[in-house]
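K.L.:
Counting from 849, one number per residue, gives the positions in the sequence shown under this note's numbering.
There could be a bad hint or two in this list.
[What the hints assert, rightly or not] Dumping the calculated EDC-like pairs for lysine to aspartate or glutamate here, alpha-carbon to alpha-carbon at most 20 Å: (1) 1860 - 1825; (2) 1282 - 1147; (3) 1894 - 1648; (4) 1173 - 1534; (5) 1171 - 1190; (6) 1282 - 1534; (7) 1074 - 1431; (8) 1860 - 1840; (9) 862 - 1648; (10) 1282 - 1502; (11) 1171 - 1681; (12) 1082 - 1070; (13) 1074 - 1502; (14) 1894 - 1760; (15) 1386 - 1409; (16) 1173 - 1801; (17) 1631 - 1681; (18) 897 - 860.
It should be emphasised that the hints constitute simulated quantities derived from the structure, not laboratory data.
Computed from a prediction, not measured in an experiment: that's the story for all the values here.
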Amino acid sequence: MLSLGMFVALPDGKGLGKLEAVSGLISTIKVFRSIRNVETREIEFSQLKRGYLSPHTRVYVQGHGRTRVGRVIGFSQAANGYIDYEIQFPNGKAEDLSERALQVRPWNAPEDPAEMLAIGASETQFLHDRRQDAMGALLKLRSASQGLTSVPSASVDYVAHQVAAVKRVLSDPIQRYLLADEVGLGKTIEAGLIIRQHLIDNPETRVLVCVPDHLVGQWHRELVEKIRLDQFAKGFECFGHADLAQVSQAPDILVIDEAHHLVGIDAGQLLPAANQLRILSREAPVLLLLSATPALGEEAKFLALLNLLDPINHPIEDISGFKVKLEQRREIGRLLLSLSPDGPRIVLRQRGAELIRLFPSDKIVQEFAPQLIEAAKDPSNDLTHLCSVLKDHIANSYRIHQRLIRSRRVDAAGWEFVPRGPITDGEPLLSHVKIEEDPADIASALLTALEDWRFSAAESSISDGGGTARFALRYRDLLGAVSEGADALREWLRNAEPIFDGEDELLAALGAIAEKQDDRARIETMVESTTRLIKAIKLDAQFPKVVVFASSAQVARHFHDVFQTDGDGTTAYLLTSDSADIDKIALDFSGRSTSSILVTDRSGEEGLNLSFADAIVHLDLPMAVARIEQRIGRLDRFGRRKNSIRHRLLLPSEEDVSPWTAWFEMVADGFMAFNRSTSDVQFLLERLEVRVFETLLQHGPDALRAMTGDIRSQIADERRSQDEQYALDRITLAEERVETFIEALEDAEEDEEALERAVDGWLVETLQIRKQPFKWPEEDPFKLVTTGHTLIPRVPWQSELHIDHSTALTWRRRVVTNRHEANLLRPGMPLLDSLERFTQWDDRGTAFATYRVVPDWNDEIWIGFKLCFVVEPQIEFTDFLAPSRSDLALWRHAQRYLAPTAHTMYIDLNGDAVTNPELIAIISRRYSDRPVDGFPRDINLGSRPQLLADIIDPSAFQTICLSIRDAAREQLASADEIASAVARAVTMAETELGRHERRITRESSRDWASAKTDIDAMKSILQSIRQPSIRLDAMGCFIVAQHAPKSPANG
């Protein structure tokens, strides 16, 4: 039965209150928010439940004109139904007190340190020193993170282009993007960090990751081992493409890897998944499509991808308009680059007129471009706003890069890739590439038949109304079928329908030759070549690893079988699209500490991370540079540390007149694919390849060789355009250099040993959380264990922290890169975030009073104060124990503009700032209860209130503490440093708010409601920045004297 004065649980789960009165069905509950703030609530009596104090709960005991703070160490049941609690106080004394004499704070009420100090509820400076060490170190990290805590808390290195992509997506109110980095640049990491941030903000976020079947295991492993999504209860679901058809409810975040496989298809096994993707893409608030840049060379698929993200600006039926956008991207890019407010005024007037001409029906252009022309006539006018509005509007309305993030290897500054092969004076050297020739006797007959087909097809293409491209691509497919082998050629011929007069006879002649072919000899040739390759690699590497690519599962299995019987005994793994355990095969290949090869079909050309391998064997040469790029990209990836990639290629014929030799030379010398990546020019490849095969069809191999210089020139021109586009992205977004952001993070965690020492002083030495090696005898990683002595309330805080002895922890980033089970302790890691919130809620170490003896102090007793403020956006948690999603999201977003900063002030009794360096040195010293460096031990006045009362009247002291707090806060608020930081933050937030408001006005699509919610949140954030919180985190009083007080007790 409940009686007056008993603790009761607040019905909203926010803590405990005291039952004060009952009137009928209504009860009055007293909620002790702080010493000076006690509120009452009326609650139906039937909703009340008995409340109990957990061991180590902090309690407040008022009496004798002061408030004492203690903690629960035991309890007993009284005969009248009340609970008597054993309370231990800072001086070591314990008392048994009825619950009626105790008060506890709810979970959303941090205490004001000035009030604690004023009424004599201070504790030892020892606690304060350790608390400040820990909170200061963590605040520095959090400040450097700018609210993007997923980046430092993941087990990854800081890579500029990856961090830039994450920042761009998370700062957008409409988070729907195509991540299209070049092959091997880490799209998985980018998507993972975006997911992690959402889970940090809201652990209930539902995440679905859909990838090709053979990549499910690799994705799951990377999201756990590198991104540490296993730290969140709900985590994520990862499944294959086909399974997407079974998803009926859209998740909060939908990630589709190799998304080009699920667009632009109208039949086949993946059609149900593609249809469901169109539905889910409309409903998922966050949509990330991943596609390596080779997919971008196909205009229809590219448009289909962008249509999923933004059907308003990229209608699926407007392929012709999309092609115009692709053609115009350079012209628009150059135009926008010249819209700089610092540029010549005459140029700006010309650009304004050009905008009016180019976009006659665009209302925003027609409104602001004339204003720019007029404003540019007066040199005193500031053109920043007009240029910004026009650049932002045009970039987001007319550029295809609006929802595309595409990083290039050349932009991965500081993370250079190991060269694929040597280049000297711009010329590729091919010492790492060796050609093998099909030993079949019928090569001559096959070449003759192919030449007959080519002459007839070339002649027919001239009179064909559809142009030569159709014939050129058919020639490409025919050459590819021959390159793949006899079975592939026979199958192609069986399915081929004649497209010109007389082709049926030519195809029949080819079929007759194909029937005589057998792939055994060519496979044996490549097995022998692979064996020699392994032997050669052993001169440089102890355990060579070679990847063998085939275009079909049948050829891959054939090679694998022959290598097993005729090879040198090297372990051979087979990975095809129908393999039973694809992930295990890939893992075994990477982890085997002996020489090994992996034989794979076309499914292995995408997604796999094989950067540890030494060489590639090509059982055929694909007739598309994009496929060759994908193969090489399995090895040539971010993080590769090995030397140039060696290649062995099989060609049907190595003769000069062979079309495969001419194609190989174009790939090697024109596209230079074996010496540098071609991923950055995928917009150009398809068009160039059509020209290549048209030339090969109409004029033969020699004419193709003559094109090499022209192909190189066009590629170089495209790369110059890419440079402009990259610069434009940075200018248009007006983004901070991401390198500056990374440098701040690296500076904050530079001394990981000091970081660990600072936090250990609070968690281990003060809060008594036990730290033990995770696996003896190694001390790092370690685990944290709570015991009966841990000074954190068991309920609810210990249960909320989820301190688990089975979790490996470390402060060192290098440890998590080698020990995948270890969790990196950084802001953004759930355990550490909860410990931070507990420490901010807990008042331990926030108020102290110290008597410090300085033997050579010649002045009178000096009284002064130390005040520790945190300046941050004005966003208050409604619950420190379990903050709401909106609280966490606002808190993080606001820190992007105004990062939290710590400020320590020393103020004397008169309210003046302490400027004497000798005095500052004295009061800056850490607390010591024993003599140190010639100074007598410090005396804790928190447990000796009478000593403080003998020096200063208690009532006057209360008034002084509060007035010092208020004066210091005002002084800090007016400091130039704070005012400048706030002004910069407001400008940045206002600019971004305007950009986002214009964007959702343009993109009046299904995402408008969600975007509008984010816009409203940004307005709240802007207000929280304009009037930031200047929160007093801790306050202490120092008394400095030449002699100790007359009767100091121990302490």
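K.L.:
Each hint needs a verdict: does it hold in this structure or not?
P.N.:
Now the hints, each set against the structure:
For the proposed pair residue 1860 and residue 1825, the alpha carbon gap of about 33 Å is over 20 Å, so the pair is violated. Pair hint residue 1282 plus residue 1147 does not hold up; C-alpha atoms about 34 Å apart against a cutoff of 20 Å. For the hint linking residue 1894 to residue 1648, the alpha-carbon distance of about 47 Å lies beyond 20 Å, and the restraint is violated. Between the alpha carbons of residue 1173 and residue 1534 the distance comes to roughly 17 Å, so the proposed pair stays at or under 20 Å and holds.
Between the alpha carbons of residue 1171 and residue 1190 the distance comes to roughly 33 Å, so the proposed pair goes past 20 Å and is violated. Of the supplied pair hints, the one linking residue 1282 and residue 1534 is violated, its CA atoms being roughly 26 Å apart against a limit of 20 Å. For the proposed pair residue 1074 and residue 1431, the alpha carbon gap of about 17 Å is at most 20 Å, so the pair holds. Only pairs whose Cα atoms come within 20 Å are accepted, and residue 1860 paired with residue 1840 is accepted, the gap being roughly 14 Å.
Simply put, residue 862 and residue 1648 have alpha-carbon atoms about 13 Å apart, close enough for the 20 Å limit, and the pair holds. At most 20 Å may separate the alpha-carbon atoms for a hinted pair to count; residue 1282 and residue 1502 meet this at roughly 11 Å. With a C-alpha separation of about 48 Å, the suggested pair residue 1171 and residue 1681 falls outside the 20 Å cut-off, and the hint is violated. For the hint linking residue 1082 to residue 1070, the alpha-carbon distance of about 17 Å falls within 20 Å, and the restraint holds.
A threshold of 20 Å between alpha carbons decides the hint, and for residue 1074 with residue 1502 the separation of about 45 Å lies outside it, so the pair is violated. Of the supplied pair hints, the one linking residue 1894 and residue 1760 is violated, its CA atoms being roughly 29 Å apart against a limit of 20 Å. Taking the CA atoms of residue 1386 and residue 1409, the gap is about 23 Å. The hint is violated against a cut of 20 Å. The straight-line distance between the Cα atoms of residue 1173 and residue 1801 is roughly 78 Å, outside the 20 Å bound, and the hint therefore fails.
Taken as a hint, the residue 1631 and residue 1681 pair is honoured in the structure, with Cα atoms around 17 Å apart against an allowance of 20 Å. Simply put, residue 897 and residue 860 have alpha-carbon atoms about 12 Å apart, close enough for the 20 Å limit, and the pair holds.
Taken one by one, the earlier hints fail for this structure at numbers 1, 2, 3, 5, 6, 11, 13, 14, 15, 16, listed in ascending order.
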